[in-house]
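Enquirer: Below are the chains, spelled out letter by letter.
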Amino acid sequence: AIQMTQSPSSLSASVGDRVTITCRASQDIRSDVGWYQQRPGKAPKFLIYAASSLQSGAPSRFSGSGSGTDFTLTISSLQPEDFATYYCLHDYNYPLSFGPGTKVEIK
Amino acid sequence: EVQLVESGGGLVQPGGSLRLSCAASGFTFSDYDLHWVRQPTGKGLEWVSAIGTAGDTYYPGSVKGRFISSRDNAKNSVHLQLNSLRAGDTAVYYCARAYQYGSVRLDVWGQGTTVTVSS
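Top to bottom, those sequences are chains A and B.
The opening residue of the first sequence carries number -7 in my numbering; numbering runs sequentially from there.
The opening residue of the second sequence carries number -14 in my numbering; numbering runs sequentially from there.
Pulled out of the complex, with its shape left as it was, chain A reads as follows:
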């Protein structure tokens, strides 16, 4: 089964900062990665699919890139509502698996 790792596990940032989160797959998964945001006590929200495609309704400050084994989620200008935990999910094949998450906290 494919394993997903993320770095960092947490970060502190200020409103307006540019934030980058990295996700790495244990093997080549082409561009078969999505990104999810989860605020405390809430269900996850879908942001990015196919590594770099923005889901309809997701804010344009979110972007994704990468292919093969290395992927990034970038928030161009952090907003107060972006303080949350972010997860990558590979859908290259079954079983799917999430990364362990990156918690974005207020500095």
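Hints listed in this document are in silico derivations from the structure and should not be mistaken for laboratory results.
None of these values were measured; they are calculated from a predicted model.
Worth double-checking, as some hints may not be accurate.
Claimed, not checked - Only pairs whose alpha carbons sit at most 20 Å apart, straight line, appear in this in silico SDA-like list of lysine to any residue:
hint : chain 1 : residue 1 : chain 2 : residue 2
1    : B       : Lys28     : A       : Thr(-3)
2    : B       : Lys28     : A       : Arg31
3    : B       : Lys28     : A       : Thr14
4    : A       : Lys37     : B       : Gln96
5    : B       : Lys28     : A       : Gln30
6    : A       : Lys37     : B       : Gly11
7    : A       : Lys95     : A       : Gln71
8    : B       : Lys49     : A       : Asn85
9    : B       : Lys28     : A       : Pro92
10   : A       : Lys34     : B       : Gly(-6)
Go by the hints and put chain B onto chain A.
Expert: Frame of chain A, contents of chain B only:
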């Protein structure tokens, strides 16, 4: 309104069983794969199962042979039968939909139902 609503969670003893349900509304249910994702308190997300439009099912090794997913297109619902439950299965269980074609985009989620496995 597009909506998924889970039910069936509760307290169960180790070794016991539980059946979770997810009721869908506001979209063409038969066009979507349905997934279950769980989250232990304070921990990350774990993908648990998927059922395709044709009833094909998929599981990770951690639950394979213990959990069974099924769907009823006539009732717009999906179920997850949890058997041989362990303390490590304690979590909030979410159902989520993904359009049957293309990337797995879990674009709509339910609010979750809590399963507690304890004696």
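Enquirer: For each hint, tell me whether it holds in the structure or not.
Expert: Each hint, compared with the structure:
A hinted pair counts as satisfied when its Cα atoms are at most 20 Å apart, and Lys28(B) with Thr(-3)(A) qualifies at roughly 15 Å. Under the criterion of a C-alpha separation no larger than 20 Å, the hint pairing Lys28(B) with Arg31(A) is consistent with the structure, at around 13 Å. Annotation: proposed proximity of Lys28(B) to Thr14(A) holds, straight-line Cα distance about 19 Å (limit 20 Å). Between Lys37(A) and Gln96(B) the CA atoms are separated by roughly 11 Å; this keeps the pair inside 20 Å, and the hint holds.
Taken as a hint, the Lys28(B) and Gln30(A) pair is honoured in the structure, with Cα atoms around 12 Å apart against an allowance of 20 Å. Between Lys37(A) and Gly11(B) the alpha-carbon distance is near 18 Å, which keeps this suggested pair within the 20 Å criterion. Restraint check for Lys95(A) and Gln71(A): satisfied, since their Cα atoms lie roughly 14 Å apart, inside the 20 Å limit. About 16 Å separates the Cα atoms of Lys49(B) and Asn85(A), which keeps this hinted pair within 20 Å; it holds.
A distance of roughly 8 Å separates the Cα atoms of Lys28(B) and Pro92(A); the hinted pair therefore holds under the 20 Å criterion. Proposed proximity of Lys34(A) and Gly(-6)(B) is supported: the alpha carbons are some 17 Å apart, at most 20 Å.
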